[in-house]
Amino acid sequence: EAQVTQNPRYLITVTGKKLTVTCSQNMNHEYMSWYRQDPGLGLRQIYYSMNVEVTDKGDVPEGYKVSRKEKRNFPLILESPSPNQTSLYFCASTGLAGGTQYFGPGTRLLVL
Amino acid sequence: AQRVTQPEKLLSVFKGAPVELKCNYSYSGSPELFWYVQYSRQRLQLLLRHISRESIKGFTADLNKGETSFHLKKPFAQEEDSAMYYCALSTRMDSSYKLIFGSGTRLLVRP
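Sequence lines, in order, name chains Y and Z. Residue numbers for the first sequence follow our numbering, so the first one is 24 and each next one is one higher. Residue numbers for the second sequence follow our numbering, so the first one is -19 and each next one is one higher.
Hints in this document: simulated from the structure, not taken from any laboratory. Yeah, the Cβ is synthetic: ideal placement off N, Cα and C, and Gly gets one too. It is possible that some hints are incorrect.
Selected chain Y positions facing chain Z (Cβ under 8 Å, derived; list incomplete) [what the hints assert, rightly or not]: (1) 54; (2) 113; (3) 123; (4) 126; (5) 129.
Assemble the whole structure, with the sequences as input and the hints as a guide.
Written as structure tokens, this is what we have:
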């Protein structure tokens, strides 16, 4: 089954404690992306990757890092989380030909 | 600048009433537009895209380049249509590909 998976689905942490949210897709998609979803602000892109070792900033990259060492994985790293990073995070992927973006189930993060 | 605008945060209608969710975009190139839907506690999923010109779950959307709009319509709303709807614009520039979302409209269909 074609899918995008994220882990963990829920996470409560404290300010400053490094964390990683994993994202994996099994569709051999080149393009992967991270979004955060906040009430009233919709979806905002954090980082995206056009292919292995190719990443670029989205609209709200501050406080986040990503890496793309393998085509299927695109982890999101928060080196020093802060309360304003409390949000719902979605990973997505699509083929380079464009078209439908497939979304992961979301990771709800609470930073105390 | 590339932008997607959904002017309504909330749209509330009665079951059986027509629905129109507005979407306007700003993009100098040739746009590719989508509507995504997010049902309660679920992931976003594609509802329809303008190039396919399909009708999905009774919804249609027509790209109007003159008005730079891609409004989503359904003649008779159902309670199960209650969800968050996002309009999105995909852009290509050189080797870069990006999907830009609007802020979303919550559709509430009341019995």
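Each hint tested on the structure:
1. 54: At 6 Å from the nearest chain Z Cβ, residue 54 of chain Y passes the 8 Å test, so the hint holds.
2. 113: Since the shortest Cβ distance to chain Z is 7 Å, the answer is holds.
3. 123: 5 Å, holds
4. 126: Since the shortest Cβ distance to chain Z is 4 Å, the answer is holds.
5. 129: Holds - the Cβ of residue 129 of chain Y comes within 8 Å of chain Z, reaching about 6 Å at its closest.
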